[in-house]
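Participant: Please take these sequences and the hints and turn them into a complete structure.
What follows is each chain in one-letter form.
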Amino acid sequence: MRLEHNLIYIKDVVLGDVNKVEDGVLTVDVEGLKAAVMTDDKVKDVKVDLAKPGERTRIVPVKDVIEPRFRVGRTNGFPGVTTKYEQAGDGVVNILKGAAIVTIGDMVGFQEGVIDMWGEGALWTPFSKTFNIVVDITPIDGLDPHQHEVVVRLAGLRASTFVGLAAENAAIDETKVYEIGTMAEEEAKYPDLPKVLYVQMNIAQGLLHDTFFYGVDLKEIIPTWFHPFEELDNAVISGNCVAACDKITTYQHQNNALTYDLYEQHGKTINFIGNIFSPELTTLDGKFRNCDYCAKLCHQLGANGVIVSEEGYGNPDSDLVMICSRLEKRGIKTALVTDECSGWDGTSQPLTDTAPEAVAVVSSGNVSKVIDLEPADKVLGNIKSAQTLAGGWDGCVAEDGSLKVELNAVIGATSEIGYHNASVKLY
Amino acid sequence: MVFVEGTFRDVLIKVRDMVHTGYELISHPLFASSRMMFSPYRTVVLGSKRDVSPQIECQIIEDSIISYDKLTARRNPQPEHNGDYAKVDLSLYEATLEEISMLRSSHTV
Amino acid sequence: MTKKVLFYLNQFFGGIGGEDKADYEPSFQTELVGPPTGIMPKAGDVESVGLIICGDNFFGQNEDETKAFIAKVIDETQPDIFVAGPAFNAGRYGFACAGACKVAHEAGVTCVSGMYEENPGLEHCQSFAWVAQTANAAAQMRKALPIMANLISKLAAGEEVTPEADKYFAQGRRECILVDELGSTRAVKMLLARLNDEPFETELPMPSFDVVEPAAPILDLSKATIALATSGGIVPNGNPDRLQSASAQQWNKYDISEYDQLKGDFYTVHGGFDPVYCNETADRVLPLDALRDMQKQGKIGKVYDFFYATTGTGTAVANARKFGEEIGKELKEAGVDGVLLTST
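Protein chains in written order, with this note's numbering: chain A, 1173 to 1599; chain B, 602 to 710; chain C, 12 to 355.
Derived by calculation from the structure, the hints in this document are not laboratory data.
Take these hints with a grain of salt, some might be off.
Unchecked claim - Here are the simulated BS3-like cross-link-like pairs (lysine-lysine), alpha carbons at most 27 Å apart as the crow flies:
| # | chain 1 | residue 1 | chain 2 | residue 2 |
| --- | --- | --- | --- | --- |
| 1 | A | Lys1301 | A | Lys1597 |
| 2 | A | Lys1468 | C | Lys200 |
| 3 | A | Lys1556 | B | Lys688 |
| 4 | A | Lys1301 | C | Lys200 |
| 5 | C | Lys113 | A | Lys1361 |
| 6 | C | Lys200 | A | Lys1501 |
| 7 | C | Lys165 | A | Lys1597 |
| 8 | C | Lys340 | A | Lys1597 |
| 9 | A | Lys1597 | C | Lys113 |
| 10 | A | Lys1224 | A | Lys1206 |
| 11 | A | Lys1348 | C | Lys165 |
Facilitator: Given below as C-alpha cells:
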C-alpha cells in the first residue's frame, strides 16, 4: 500500500466566502460551512468561530477534533460513514496541516473537554497549537443523547470535509510518502529486522463510548488486523465524548502518533507489520476473549515486539495488563502506553491493575494533576460547561476567576497513543 | 436485582461482598473514562452463586475500589448532573446486556 | 542568590559526648563542628546560619519541647535548607533527624538528611526530605558527606535531581511533567531497546510483591500440632525481653503450655494500634482461648507449647524476612504442622 500525505502548512485562518489557501492563510467559506452542517435536518443551528494559538480563548465542551482534508481522486470523506465504503490507505490526501475542526456539543451536562489556546492550559493540550475552526452544533429539540451524539459526530466530519475542499487546489508544501508492501515482500526485504505490531485498544462500550472502523462499531468485532495506512486515511472515527484527556479524537486517529513513529523505523530498525484493534468491552468474558484473541493474532503473525496503547481509564486498565501478560507469556516483547492516576500530590500507587510482565511502560501523565486555567477573554461553547469544569471540589475557583481543573478535563492531555509530551517523573 | 441505596462506592462494596461469596462477576465494575467515575449511579451485572470465587474476579473488584478511591478522593458531588449520569449508566448497561447476549444467548435454545 | 543552611546534629557528632550525654538539651550555635564542616566546602552557593545540637534521648523524651526549640531557631535564622545528620543506621538519631526535618518542612524549608536504608527514621521523612543513601556505620562518613553536599548544592541552585544519579531515597512523589519527546516516540524507543536487549527504563515501575506459595492443606487437623505466632506485639506483662513497640529488631517466644487463655497475663507493646481491647483480653489478637476450645473438642490435636511474637509496625522488610525464616526453622524442627499467624 502507498499513501501520500500532501501537506499544506496553515499559518493563519480567516472567515470569508470561499474555501481557499493563499500563502498559508486558510479562508473558510462560513455560509457554505454552515450549509454543509445543516444538510442534516436534525441540526437546528450552527455557529462558526475561530480560535488561534495564543488568543485568550477557551473552547468547551469539545466533542471531537478533526483534520480538514481532501482525498484526491477518490470519494472525499470518511469511507463507510459520510461516503460509501471505499478501501482506505492507498492514494493521495491533501491535508490542511495545522488547521483543525473542533466540534462543540453537550450531549450530557457533565461533559468536560476543554481546550485553552493560551497560558498554562495551552501547555497541556496538543490542540492549542492548531488553528481551530470551532463549530458549535445545536440539534433540534427532543433528541436523546444517542441521537444527539450521532448528529454532532457526523456534522463534524462533514464540516472537516467541507473545509478540506480548500486543499484541493492549494500549493503543496511537503509530501510524505508512506509505503509498505505485503508481508511477504517486506519480509524478503528485511529478513533480519524484528517484526513489530501495534495493538490499539479502543473504547467500545456504548453511548458516548464508541469507536468506528469504516463505520463498523468496534463493539461488534473481535480484534482485527488492519493496515496502518487505513487509519491515516480517514477509516477510523471517534464516537467518544467523555474521556477528555485520554480519548483518541478523530484527528488523532488520522494522525496516530504511534503509527507515524513506528513507520519512521520501518526498514531501519524494525519490520512494521501492521496494526490491530483490540476493542475494550464491558464484560469480563468479552475482555478475556478479546485479550486472548489479540495475543493469539500477534503470535500468529509472527510478531517479535508489540506496542499496546490504551484508551480511557478504569475498566480498560484490566485489558491493558491482560494483553501484556498474554503477549509476554508467548515470548513477545511489549511496551505499553497508558496514563496513570497517582492522586493530586502524586503519591498514590500509579497503576491499580498490575502485572509483573508489564516491565516497559510509558506514562502519558497523571490524570489527577491539577492545573490552573486563567480567566478567558472569550469562551466558545457553553458557559455552563465552563462552570461544570469548576465546581468539582472545594476551592477550585479562585477570586480572580481562574479555575483549578484536573488534567482529566483537558482534551488530549494524557493521550495514550502518545500524541502529547506529558510524562511523569519520580522524585 | 439488588438496589444499593448509596453511592457508586457503596455499589462497589456490595459487589465486592457478593463476589467474595461466590457470585460471578459478569461486567467490569468500573466505567471506561475517568469522568464517569464521578457518576452517582453504577449498574454492575453479576451471575449466579458458585462454590468458588475465582482470583481474577476478586482481584478486579478489589482493584476497582482502589482505582475509584484514588480518582474521587477530592471530589464533591454535583447533583445537577445526576439525571445525565443515570441516562448514561442505563445506556451502557443496555449495551452490556447486548454484549452478553451476543456472547451467550444466540447459542441457547 | 546564596542560600542559607541550618544544620542539626546529635550530641555525639556535635562533640558534646557519647551515650552519657544523650539527654543533652537542644542548643544553638553559629560555629560549625563535625559533619557540617565537611559538607560546607562542597555544598555550592550556600552559607551557614548555624547548628542545632540535641541529645538523642532528650529528643525522644521531650519531642514537643525540642521541636518548639527547632521551630524557634528556624524562625530566627530563616534558613532555605535544613540539613540533619547523617544518621547512618542509628535509630534514635534517625528518628530525631526525621522529627527535626518535619519541623523544617512544615516551615517551608527544604530538608536534606542522610541515612542507611534500614534506619527506622527514614520512613518518617522520606516522602518530603531529600535523604542521601549512606552506609550503615559512621566509618563511611567520608562517602556520605559528598552525597549530601551534592544534594544541597543542586537543591540550592534549583537544579533537577533524580534518585539514581544523586543517590537519595526516592520520595515516591510522581510529578506530572512535560518532556521533550512525544509519548509515542518514547514508547518506540523503549520497545527497540527491549528488542535489542539494551537497557531501558520503564516510566511506571510495577510494585513488586513477594509471592508465597501456599502450603499444602493439613489433611487431618485432629492430629495436628498448631502453633500461634503474631506481629501484634503480644508479650507477658512487663515486657521482660523489651520487645520494641515499633521497628522491631527481635522476636520472642513464650511458654503457654500452662495457660488456657492469655487474658490477664499478657498484653501488647505494639505502637501502631489502639491497645485498649487487646489489653483487656490479649486472646483478641492471639486467640489461645479459641484454640484451647478446639483442642478440647478434638478438632485440633495440640497447641504448640510456645507462641512467637514480634512487632509489625515499621519493621524493616529485611528484618521481618529474617524473623520469619528463624521462627519457621524452629517450628519445623519441633514438628509443628500448622501455624496461625495473626497481624494487627
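Participant: Taking the hints in turn, state whether each one holds.
Facilitator: Outcome of the hint check:
| no. | hint | verdict |
| --- | --- | --- |
| 1 | Lys1301(A) x Lys1597(A) | 25 Å, holds |
| 2 | Lys1468(A) x Lys200(C) | 24 Å, holds |
| 3 | Lys1556(A) x Lys688(B) | 19 Å, holds |
| 4 | Lys1301(A) x Lys200(C) | 25 Å, holds |
| 5 | Lys113(C) x Lys1361(A) | 63 Å, violated |
| 6 | Lys200(C) x Lys1501(A) | 22 Å, holds |
| 7 | Lys165(C) x Lys1597(A) | 17 Å, holds |
| 8 | Lys340(C) x Lys1597(A) | 43 Å, violated |
| 9 | Lys1597(A) x Lys113(C) | 24 Å, holds |
| 10 | Lys1224(A) x Lys1206(A) | 20 Å, holds |
| 11 | Lys1348(A) x Lys165(C) | 45 Å, violated |
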